[in-house]
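J.: Each chain is listed here by its residues.
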Amino acid sequence: MKESRQPVLTDDELLLGLADGSDDALGQLYRRYFPMVLHFVTSNSGNEDDAKDIYQEALIVLYEKVRSGSLELHCQLKTYLYSIGRRLWLKQLAQRSRFVIRDVETPASDEMAIDQLNDDLIDHEERDRQFTLMADSLGRLGEPCRTLLDDFYIQHLSMQDITEKFGYTNADNAKTQKYKCLMRLKRLFFAEYKQ
Amino acid sequence: MNEEKDIENALHAYGERIRFKQRLQMMQASIDMDAMRQDADLYNSPAEASGQIRKLWHTYRTTLAVAASAAIITTFGSIFLYRSYLQGHKQQEQQYSLLSKEIQAVKTSQRRLLNDFNGRGRGLGINPAQVAGSGFLLTSDGYFITNNHIIREADSVYVQSGKGEVYKARIVYADQAHDLAVLQLCDDSAFRTLPPVPYSFDAKSSDLGERVYTLGYPREEIVYGEGYLSSGTGYRGDSTAYQVAISVNPGNSGGPLLDEKGNVIGIISGKQTTSEGVSFAVKTNYLFEALNSIPPDSLKGQPLRLNRKSTLASLPRKQQIKRMQDYVYQVKVFKHKE
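Going down the list, the protein sequences come from chains A and B.
Taking the UniProt record's numbering, I'd label the letters of the first sequence as residues 1 to 195.
Taking the UniProt record's numbering, I'd label the letters of the second sequence as residues 1 to 338.
Hints are computed from structural coordinates only; laboratory data are not their basis.
Remember, it's a predicted structure, so these values are computed and weren't measured experimentally.
There may be inaccurate statements among the hints.
[As the list claims (entries may be wrong)] Using 30 angstroms as the maximum straight-line C-alpha spacing, the simulated DSS-like pairs for lysine-lysine come out as follows: (1) B:5 x A:175; (2) B:322 x B:168; (3) B:5 x A:165; (4) A:186 x B:5; (5) B:21 x A:186; (6) A:180 x B:5; (7) B:21 x A:180; (8) A:78 x B:21; (9) B:261 x B:204.
[To be verified] Incomplete in silico selection of chain A near chain B, CB under 8 angstroms: (10) 26; (11) 27; (12) 30; (13) 31; (14) 34; (15) 38; (16) 56; (17) 60; (18) 104; (19) 153; (20) 182; (21) 186.
Even glycine gets a Cβ: it sits at the ideal position worked out from N, Cα and C.
Could you put the whole structure together from the sequences, leaning on the hints where they help?
T.: What follows is the structure in structure tokens.
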């Protein structure tokens, strides 16, 4: 088995690997704590799909904190992920008007850790809002701008690839086009975001 | 200028989120879900120590026992009730008998028809039909109504008038839901158009207590029966039928149910076997519904018009019957033997 030959990484190593974008680290991290969240969600009236969504969202919170270098852990990584997942699931349950949950793990309890959790989740919500708006603005942008920006910023295609793909005469032309598109996106996005 | 940087940063962050989500989906696809499930099942943490569970068990075990026995009693009780309901249901089903008669069971010592001028009746005499019932003309040009249960699975259908004339009939339309069947006699060249039908068809629902009568063929001879409308609904609340206190027998099925003025208010369809004088008749209203749903092709393009004005209204009952009986026929059905 491929996984067993890899050294078992500590939590710190996992976080470093995650920040570097290592697939091995992400894989190990994913497998290590998924059963915990799976057990938690499925014993609180969720199904496996809910568990997957909650776990992935918790990992997104962690990943974006790590990538921006702003992660402060005041508890174990396991407790952090559990507490984040727990909060996210509670929020969903509240939408289904259920407020009682059965813990399968002790959530973070000291003040520092809770403050940090709150901050992280507020940040996450804000980013969520921003990204929903971004997806919406991109959708309203129309073609070919949407695909052009998507190719450059999300798929990370090179300017050269884009020039060929869209049939521009040269890379400068493509760049000008991209700039125009970006300006249009800016107007669309900030018109909503400022409010 | 600042906003330009902002939007680029936001786009970069957005791209990063999307790519990370894709990586997560790949991870999810590559993991062994069964192993995860096993790990999740084995997942034991301090928060749900087994000691706590045992303590709960000790505290609540009497309550649990009571709850469990209540559950068992309720379960078996409901099963028992349900089964007895089903059985009752079956019995009731048997109480309803369709009034077509199995002629083979009837003794053939009955008087043979003598006025068999054209020899058509002889075939029937030698080879008695397997099922018989009654029916009557809708129009003088040969459209005919009877019960669906009489002609169901028929190989051939014949109708025989009170005078012994036999005609072959074609099934124009069968309405299984309301147990109605429309036949046509004029396919047979021997059938000659009669004077207009004297009775009318009344779709208005009739009142309880209405004096009613019927004509039918429980025997080879036409038989008159009278009674009154006893309920606005039929067997087990069937709103498409009336309940009639009238004495009918196998063979009466398909006969007309008329009120005092000579309006057809229903078609006799069955009776309850457990009590005497409880019979059922399909409401004329549903006859109209059935007629409306006949595909125009089956009528050869000519709409079926029913008589709306009874010419019997002012006649005494005996005269009414005399005028009526030429329009009420016996239906004989042949089926292939199993």
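J.: Could you run down the list of hints and mark each one as holding or not?
T.: Verification of the supplied hints:
1. B:5 x A:175: This hinted pair holds, its Cα atoms lying about 16 angstroms apart.
2. B:322 x B:168: Judged against 30 angstroms, a Cα distance of about 24 angstroms means the pair holds.
3. B:5 x A:165: Holds, at about 26 angstroms.
4. A:186 x B:5: 10 angstroms, holds
5. B:21 x A:186: Holds, at about 24 angstroms.
6. A:180 x B:5: Within the cut-off at roughly 14 angstroms; holds.
7. B:21 x A:180: Holds, at about 28 angstroms.
8. A:78 x B:21: Distance ~20 angstroms between residue 78 of chain A and residue 21 of chain B Cα, so the pair holds.
9. B:261 x B:204: 14 angstroms, holds
10. 26: 6 angstroms, holds
11. 27: Holds, about 6 angstroms.
12. 30: 4 angstroms, holds
13. 31: 6 angstroms, holds
14. 34: 5 angstroms, holds
15. 38: 4 angstroms, holds
16. 56: 5 angstroms, holds
17. 60: Cβ of residue 60 of chain A sits 6 angstroms from chain B, so the hint holds.
18. 104: 5 angstroms, holds
19. 153: 4 angstroms, holds
20. 182: 6 angstroms, holds
21. 186: 4 angstroms, holds
Figure legend: structure checked against the earlier numbered hints; every hint is met.
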